[in-house]
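Participant: Each chain, letter by letter, is given below.
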Amino acid sequence: MPRGKKKMSAGQEGTEVPALLWKRAAAFVIDAAIVYAILFLAIGGKLATALPDAASFAESYALMAESSILNWVSVIFSLMLLLYFLLLERRFGQSIGKMVMGLHVQSDSGHISFWQHLGRAMFLIPVFPFMVLWIADPIAMLFTRNNRRLSEIVSKTRVVEYRELPAAPDAPMTDSKEKGK
Amino acid sequence: MDTTMDDQMPQQKRKWPYIAFVLLFLWLFALMLSSFISLFAGIESDSLGGNVAIIPVKGVITGDPGSGLFDEGASSEEIVKLIEKADRNPGIRAIIVEINSPGGSPVASDEIAQALKKTNKTTVAWIREIGTSGGYWVASATDHVVANRMSVTGSIGVIASYLDFSGFIGRYNVSYERLVAGKYKDIGTPFKEMTPEERVLFQNVLDDLRDNFIDEVAANRGMDRKDVERLATGLFYLGSEAKGLGLVDELGGRGEAIAYIEQKEGIKAQVVKYKPTPSFVDILQGAFSEQSFHVGQGIGDALVEKGKTSLVQITA
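Listed in order, the protein sequences are those of chains A and B. For the first sequence, the numbering used here begins at 1 and goes up steadily by one. For the second sequence, the numbering used here begins at 1001 and goes up steadily by one.
Quick caveat, the hints were computed from the structure, so don't treat them as lab data. Nothing here was measured: the structure is a model prediction, and the numbers come from that model. From the three backbone atoms N, C-alpha and C, an ideal C-beta is built for every residue, glycine too. Worth double-checking, as some hints may not be accurate.
Distance condition first, Cα-Cα at most 25 angstroms in a straight line; then the derived DSS-like pairs of lysine-lysine [as the list claims (entries may be wrong)]: (1) B:Lys1243 - B:Lys1085; (2) B:Lys1015 - A:Lys46; (3) A:Lys23 - B:Lys1015.
Listed below are several chain A residues computed to face chain B (Cβ distance under 7 angstroms; list not exhaustive) [claimed, not checked]: (4) Ile30; (5) Ile43; (6) Gly44; (7) Met80; (8) Leu82; (9) Leu86; (10) Val160.
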């Protein structure tokens, strides 16, 4: 959908409002699950066969952590998420999770540049000091007026959802029904 | 600006091929990046599995890991970590120490030997071309020693050496100005000839080290101390000879080592190699320090080692 357009049912008017926290969290969980599934498909088989048969989950986890494989898996996961958000949000203004939850990314100035997209996703860069944003971003969401992450404030972007405006009391019902057909 | 449902449909259709492309790209990205990391970081996910761990002890045995990626030598610090890692792995039933070392630091050799003795797993030493001195010290700490009939082993003894530059600097009218607080503080300095008294002191240290070596081998191998002392002349033995002398349990190689484990543990061996896994920072640090090291090496070699007055090297 082109940026600035409102995704609405035909004939109805709506308004942009800051996305609700739970919707944003749900969208992120969906996105993370998708990327995790792809990562698991790519390297999970190799890891599974490499782990000892008798090992419990805790032992397997400890073995992976000890061999630094877990660190590398985390790095790959972060980079995949970074690419995922960049590629999809740059193109559609929303990731799959945001599509499901009906959310959109918007810029304060209208057009979103590549650097703004990168700025939004900089919390996924697996290097200090960007990793601090893993904590700072959610905290900022709780305390800012429009539920904005710190990296969103810096990149001058926001996540919005469209809400339908209630139909005007004097508007004839038949008109809207006809338009919806 | 509103859009109608009809306007949105073609866009929805165009979305999914692109999304599919992105997901496929990410899958390939994960595959390639994981292979790339395995290749350059030396991480083998295979090292997590298997039931027999092979840990290489190759080159001169030293205490600290090298300064760069390409340093050769067996660092006791790294080898002990690998032994402990294999010991903690519940899937690993036995450890094979693949030895190809002429020995090295007595302390480092003892550290590896003690780590092997502490494990609850079956341990086997597989001596390849050479397993002498400190290399044999390590081998003796295992449950079973396998060596090729032509491999070189033994050489139980301690050596210390230093270069005496006193004649050289005298020829060029350079004098060694001795300023020490402590009578023997500069014992072993290459700039003066060692006194008979100092020589005796040094010899006593070497004898004590040799005694420790003999005690360890005798205890590890279950041999009479006198028998080991008789062999501890510093002489090396071929594998076949060493077997006759009781220093080696079996002639052979990797196959024999594995067969011993399979028979003792009643398992079908799945061998995995354990080797140090440098972190990403280590890789970068190694790449940079390698260059810096070679630049500084020429200068460093010409100077007396910082903080040391003695250049005597003691090796087992």
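Participant: It remains to establish, for every hint, whether it holds in the given structure.
Facilitator: Checked hints:
For the hint pairing Lys1243 of chain B with Lys1085 of chain B, the CA-to-CA distance comes to about 31 angstroms; that exceeds 25 angstroms, so the pair is violated. The hinted pair formed by Lys1015 of chain B and Lys46 of chain A fails the criterion: a straight-line CA distance of about 32 angstroms is larger than 25 angstroms. With a C-alpha separation of about 22 angstroms, the suggested pairing of Lys23 of chain A with Lys1015 of chain B holds against the 25 angstroms cut-off. Proximity of Ile30 of chain A to chain B is violated relative to the hint, the smallest CB-CB distance being about 13 angstroms (cut-off 7 angstroms).
For the restraint placing Ile43 of chain A at the interface with chain B, the shortest Cβ-Cβ distance is roughly 5 angstroms, inside the 7 angstroms limit, so the hint holds. Hint on Gly44 of chain A is violated. Least Cβ distance to chain B is approximately 10 angstroms, over the 7 angstroms limit. The beta carbon of Met80 of chain A is positioned within 7 angstroms of a beta carbon in chain B (closest approach about 5 angstroms), and the interface hint is therefore held. Using the Cβ-Cβ criterion of 7 angstroms, the hint placing Leu82 of chain A at the interface with chain B is not satisfied: the shortest such distance is roughly 10 angstroms.
Annotation: interface hint on Leu86 of chain A violated; nearest CB of chain B at approximately 10 angstroms, more than 7 angstroms. Interface restraint check for Val160 of chain A: the shortest CB-CB distance to chain B comes to about 15 angstroms, outside 7 angstroms, so the restraint is violated.
Taken one by one, the earlier hints fail for this structure at numbers 1, 2, 4, 6, 8, 9 and 10, listed in ascending order.
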